[in-house]
Structure formats: structure tokens, C-alpha cells
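The primary structure of each chain is shown beneath.
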Amino acid sequence: MPEQWINACDTDDIDQDDVIRFDHDGRTFALYRTEDDRFFATDGLCTHEKVHLSGGLVMGNIIECPKHNGRFDFTTGKAKGAPVCVDIATYPVKVEDGRVLIQIA
Amino acid sequence: MLPTMTPTPRDYSLIGRDAALAEANGIAAAEWYSCPIPRKQLKELMKRSDGPALRDTAIWVAALVLSAAGGIHFWGSWWAVPFFLVYGVLYGSSSDSRWHEAGHGTAFKTRWMNDVLYYVASFMILREPTVWRWSHTRHHTDTIIVGRDPEIAVPRPPDVVALLLNIFALKSSLMTLKSLFIHASGRLKPDEATFIPEMERWKVYLVARIYLAIFAAVIVACVWMGSILPAMLVGLPSLYGGFMTIYFGLTQHAGLAEDVLDHRLNTRTIYMNPLFRFLYWNMNYHVEHHMFPMVPYHALPRLHEAIKDDCPEPYPSTIAAYREIIPTILRQVREPAFHVIRRLPDGKTPVPYNHGAIINPAE
Ligand code: FES
Chain P
1 MPEQWINACD TDDIDQDDVI RFDHDGRTFA LYRTEDDRFF ATDGLCTHEK
51 VHLSGGLVMG NIIECPKHNG RFDFTTGKAK GAPVCVDIAT YPVKVEDGRV
101 LIQIA
Chain F
1 MLPTMTPTPR DYSLIGRDAA LAEANGIAAA EWYSCPIPRK QLKELMKRSD
51 GPALRDTAIW VAALVLSAAG GIHFWGSWWA VPFFLVYGVL YGSSSDSRWH
101 EAGHGTAFKT RWMNDVLYYV ASFMILREPT VWRWSHTRHH TDTIIVGRDP
151 EIAVPRPPDV VALLLNIFAL KSSLMTLKSL FIHASGRLKP DEATFIPEME
201 RWKVYLVARI YLAIFAAVIV ACVWMGSILP AMLVGLPSLY GGFMTIYFGL
251 TQHAGLAEDV LDHRLNTRTI YMNPLFRFLY WNMNYHVEHH MFPMVPYHAL
301 PRLHEAIKDD CPEPYPSTIA AYREIIPTIL RQVREPAFHV IRRLPDGKTP
351 VPYNHGAIIN PAE
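Keeping their order, the protein sequence lines are chains P and F.
In terms of the numbering used here, the first sequence opens at residue 1 and continues consecutively.
In terms of the numbering used here, the second sequence opens at residue 1 and continues consecutively.
Some hints could be false.
Stated by the list, open to error - Okay, the calculated beta carbon distance ranges per label pair: (1) 37/F / 10/P: 49 to 59 Å; (2) 119/F / 24/P: 40 to 50 Å; (3) 24/P / 36/F: 19 to 29 Å; (4) 94/P / 24/F: 37 to 47 Å; (5) 94/P / 198/F: 47 to 57 Å; (6) 24/F / 27/P: 21 to 31 Å.
Said to hold, decoys possible - From chain P, some residues computed to sit far from chain F (all C-beta separations above 10 Å): (7) 3; (8) 23; (9) 26; (10) 36; (11) 37; (12) 43; (13) 50; (14) 57; (15) 68; (16) 75; (17) 101; (18) 105.
For the record, the hints were derived by calculation from the structure and aren't laboratory data.
It should be emphasised that the depicted structure is a prediction, and the values quoted were computed from it without experimental measurement.
For glycine and all other residues, C-beta sits at the position ideal for the given N, C-alpha and C.
One chain only, chain F, in its complex shape:
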């Protein structure tokens, strides 16, 4: 009888077996499929302007200030709850898309405006700006390539407890806190050293020290006032207001194929209502964003119209996406190789799967 080979779990670290496999299989920093679109039209879509992001940022800041003011005014009564709910979501969830767009440098035309928003939103979402700039760069090079992408939200088999904890950013924040102490002491973690270049590392250490200093100041303010109100305004909203981050963020890639070189197969585009699209800055057009990251958020609906005939049917709503995501994640706990296969329109061919790289047993 032939010996049976049992697949070993995949290694999602950036310095492990699957990192080497991805390189050996030619799927690291590879060429990705891109929907055909005339250059003139793409140029039009890529055009930058400050207007839309200035308007959206003004609304966002005003809503933050008003909800914070309401929360402070009603502090001590139940009336404060809805104000902090709004404040928390604006602070701890919609900062994710602001961080993201500003990080790409596409939100505003003016560079310094992107930079200011990037640093402020990074703090709000409790991410270290330099680390995440580089990890996100890698996420775009090697989207959901195991061993290469540091931003795979649901590695297989999924850790359901971690996902539940992250509804309030508990596990992710704990990890960030640990990282802050490591970075503040002037060190990087081994994974990080694979994607953060030497010349950028001083920024990691400096920002970690600044973050810790701000948190220390908030704690001192809480002790001095004998109240957690200062922390409700700075720091804690990343946790109590973080639930929409995961609600939106998980829809991007969870349950879809790993190790494919075609964003139509590993990324979701979902139709969302205008409020969600404001909070999420149109990142629901996620296939479009990954394929053409130079197109600013406000032009993504137009880009979607331009390429949708070459893409799978978008999900009609976030709920519809979760009808697929939740059962898929639960099934992956028992069957890690299981994933959703996206159907392309008739006559369209996907970039082939790299079969060799799917749950490749260690020799």
C-alpha cells in the first residue's frame, strides 16, 4: 500500500516554509491579471483632486467633534452612549479607510494632506504608520499569497476566537501594544525585517515612542481626573468603536482563494449603501482598488462600471457577502483547503491557479 501524505498546515509567517515555496513556485512579486481598460480612460480615472477628500474630511472631523462634545456633555448618563457609539465608529472604524487611502497617496492631490491624514488615522486605528505602510505595500505585491502577505486576515484553519476578539480590536491591539514596546526599544520583529527597509526603521522606533508617550499622558489624565473620560476620547475608541473595521475588512478577501495571481478570484466587490461607502471610503470596490491602486476612492464607482463585465458578479450587499463568509470560515476550521471559487462571466478566463502551492505538503 502506498503511504498517504498528510497535508501540513500552511505556514503564514514571512520567513517560513511557505515563504520559500511562494518564491520557488514563482508567485512571489509576480505579474497579476489586470482588466483591459483604455489608457485614456484610466488616466481620467487616476486624476487626483483635493476637493472630494477635503469635503469628506471636513464632514468626518465635524462629526467627530460633535459626537465627542455630546459624549462629554452627557457623561455620566445613558445619553452619552449613542454619542460615544458614533464617535467610536468614526474614530475606531472609519479611520481604517482614511489610513488606507492616505497611505496610497490617492485621497488628496496634495501630498502633505495625505501624510497628515495618514499619521492621524494610523494613530486612531492603532497602527504603526511605517510598519503598516510597508506591510500594505507587500499586501499589494502579493495579495493573499501565503508566506508573503502579512495582511491575511483569516489564515486557514481560521482562528475563530481571535476573530471574535477582534470585533473590539482586542487581539490586534494587544499585539500592537507588544510591538510598540519592542519598537520603542529600537528593535524590529523578524517578519518585519523582511519588508521594512533599513533606511525607514528609525521612523518605526520614533513613532512607537510617541504613541507610548501619548498613551502614558492619557493614563495620567485619567488618574488626575479620577475618570476614564480622557481614555474614552483618545485610545479606547480604537477598541469600543473598532467593530465596523472588521465588519468591512473581513469582506475583502476572507474565504477566497489563496495563491492566485488574479484579484477577481481572491477579492470581493460589494455594493454598499451611501453611509457605509462614506465610512469605508468606497473600499467596497475592492477588486477595482487592488487591480488599479492609483485610482482614488472617489473614482472607484466609475472604474467599477468600466471593468465590471470582466469581473465576477458583485455581491449585492454586505449581508449577502457574510452569508458566504461565515459558513466558509466555519467549514475551513475542519477543512482548511476549502475556499470559495469566484465565477467569472462566461467566456472570461482566470489566471490559472497555482495548484502546486495549495496546501503543499512539506517534503
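Chain P on its own, in the form it takes in the complex:
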């Protein structure tokens, strides 16, 4: 399958150290911007109980889920302890001309 880069948002749409929700083609994603302006993407819903991670708190490389405070490293997708036990899918991201592009397989 050819690489498919989706034009998701402006870099400025995401504050530093924050996360937003991005819906595309019936799927939902979370887009992150770190304090030092790196961008990342994961599935939008927590692997614990399908809550939108966009309501959560970004701390460094960690996103904390707003429902039960489960944590993921959003740069790798690794679950960082109960109540999240299952890793979250991550997606490649690149920035071009001030736009954030996400590669969705």
C-alpha cells in the first residue's frame, strides 16, 4: 500500500505540551506537541476504556488519560502501568510548511 500522509492541522493548532483530537475517515487520533516542538500521533482512544486522550494531560513524553489517570508514552505507545495494560498504536508524523501530516496505514 502506498504511503498515505494526511494533512491533519496547523502546527499552531496544538499548544506546546498539549494534545488535540483529530478525526479522519471514521477514525479518531490524538496529536501531540512536546515542549520542544516535536509532534507525535497515537490512536485517539485510551486502550483501557475508550476515552478520548485529547482531554488528558501531557507531561514530557507522557499522556495521562482523563478518566482513570492511566499513562502512555506517546512517543512509543508504551502503556506505563495500571489501569492501562495495553500499549497504544502510534503513527508517523512529519511537519511540512507549518502543517502537521500523519501517516495512516
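Following the hints, put chain F with the ligand in place on chain P, whose structure we already have.
Quick look at chain F with the ligand alone, frame taken from chain P:
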């Protein structure tokens, strides 16, 4: 004449009729109402820091050590009583809020500090850390949803004797003790199996064995010294000092609506004095905590200010809350469907009740 249908009592187990009903009615793991608050402001409120909890924990530990020292020093005289009273409340009651906040991972910014406090406070309040971590997770998913929430303190009709016994944590401790033996033998109870994932279960068994070993050591120490002093310091304070746990804890949800998807209707926010707020780590702002569990305890008063116009009038004091709770519980003994309906500010609409799920007779 039409046959009359008599409502059957609700089934509060997690594997019974009402568990299935909650799922069928779409109120299990459902979406809950959340007061509007700008993202920027919420982010500010959610910010973590170690400072407030380090300061509060230092005061707490110092007060524990000093009161224990006084109790030991005056052991054998009546002067020991006030020291053990203070020690007991710090050990057996304020450990509840420490357990709670550390369990959410919000007390400290640093994860391991939360974990250490969580395990220590769990032991003090006589709760099994892994079991309660998962039961509390469910309590947040399905707050006071019958058949889903394992932490409904006052099922209807209320068991008044059990509530009275729990003033000194008697019934709850007996149940914990039974559970410890079950878990130490490498088994879970059927209800627990619905909310504790496979991969976490080994921790339940291990901690149960550690708890029992500690209690055995305390008993040996008591026999060896020919005194109950060791147990007055470790173990028994969970009982004789547990009365503030229920005094604070019952105010959270008792007597309010079941099966609603709006914390403003099933949870109380109460104004408390600074001493109570220290002991209870601001959990009196309970609507706020349930709606935004990521906000640390020290930021809850600010969160309260931010959303209070969208919430029912807070109770002015714990006594005021009990003026409502006690008559409600007594009435529920005869009329289990009775509950307090919280009034929202004018113009605010609650998330609708799920009428079908209130005392739904079995077909
Ligand atoms: S839904 Fe994310 S931690 Fe529970």
C-alpha cells in the same frame, strides 16, 4: 384486575441481574456529563507538583510519630488515650484520602512517591492495594451504577447495622481479613474477577501474603511483650481510628440518585474546615474530583470556583450534609426507591435519569 408488579430488591453484585440491566440500559461505561471549562484553565488546574503533598506528608508523618511516641510514653495511664486518639485518626482515617489521591497518581508529580504513599496508606486503611485500585477505577467509570460500582457504600435498602459496625471498621475489616485468606491462597472472588485483569492478579496474592505476615508478626510481638501495645501501633488503629473514614466517606454519595450519568446528581460537594480538609485532602470537593479526576487535591478549591455556577449549591458543612443523609438512610430502609434529588442552578439541565433502571422489577 391487573396484576400488580412488586419491585424486587436491587442486586448490587457485579455479576447479577442489575449488572446485566446496566449494560442493557446503556449506562455501563457510559459517557458522563462534564461541566464546561476552558482547556487552558483545566490544563493549569491539572498541573502536578511535588511540593504540596511533600509538605502535607511531612506534617502527617511527624504527627503520626509524635502521637505514637506520646501513646507509648504514657502507656498504662489515661494520658495515653488522647495520643492514641490522634494517632488512630491519622492512621486509620486520614490514610483513606492518602490512599485515594496517591492511587489516582495526582498527589505527587513524581510517580514513585505516589506509589510508596499508595502502598503504605493502603495497609493503614486495611485495603488491598491492587484490588482497590481496580475497584476504584470501576467506581470512576460507573459511579453509583447498580451492578457495576463495587464501592456503593449504602446499597438500598441500607444495612444500618453494618453502617454502625463500620464506624470502627468492624464489618469492612472482617471482610478484608476473609479476602486476605482467599487471596493468599491464590484465588479471587467472582466479583473481583470482573474488574481485576489477569496480568495484575499475582500482585493481589503477593500483597495478601505480606499483609498476613505483618499481622502474624504483630501478634507474635504482642505475645512476646505480654501487651497489646504493638497492635495499638500497627493493625488496631485501622479499627479504633477508623471512625472519621466513614464520617467523611458517607457524605460522598449516600442517599443520592443511583443510575444517573451526572456527578452533580449523585455526589456531594461540602464545605469543610481546614483541619478536616487536611485530614481528607480536599475530597470534600467530591463532585469536582469525580468530574475531573486528573486535578490534584490541592487544586480542587480552584476547580470548585471555576465550575460551581454549573453545580448544585454545596452543603455548608458536614453536619448540614448529615441532616440530609441520616433521615434519608432511615427512610430508605422502608422505601428503598427514595433518594435525594439535587437541584441544579436555574437554567441548568441534568443529564436525564435513566428511569428504566430505577428499581427495575425482574421479569
Ligand atoms: S479510560 Fe484511560 S485509563 Fe481508563
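*For residue 36/P, is the shortest beta carbon distance to chain F beyond 10 Å?*
18 Å, holds
*Whether residue 105/P stays farther than 10 Å from all C-beta atoms of chain F, as the label says*: 28 Å, holds
*Does the Cβ distance between residue 24/P and residue 36/F fall inside 19 to 29 Å?*
26 Å, holds
*With respect to the beta-carbon atoms only, verify the hint that residue 37/F and residue 10/P lie 49 to 59 Å apart.*
24 Å, violated
*Claimed clearance of chain F by residue 26/P, with the beta carbon kept past 10 Å*: 18 Å, holds
*asked:* Is the claim that residue 57/P lies outside the interface with chain F correct, judged by CB distances over 10 Å?
replied: Check fails; 5 Å does not lie beyond 10 Å.
*Cβ separation of residue 94/P and residue 198/F, checked against the hinted range 47 to 57 Å*: 38 Å, violated
*Over 10 Å to the closest beta carbon of chain F is the bar; see if residue 50/P clears it.*
8 Å, violated
*Given as non-interface: residue 37/P, partner chain F, CB spacing beyond 10 Å*: 17 Å, holds
*Regarding the assertion that residue 23/P does not contact chain F, is the least Cβ-Cβ distance greater than 10 Å?*
16 Å, holds
*For residue 101/P, is the shortest beta carbon distance to chain F beyond 10 Å?*
24 Å, holds
*Beyond 10 Å from every chain F Cβ - status for residue 3/P*: Given a closest Cβ separation of 32 Å, the condition holds.
Of the numbered hints listed earlier, those contradicted by the structure are 1, 5, 13, 14 and 15.
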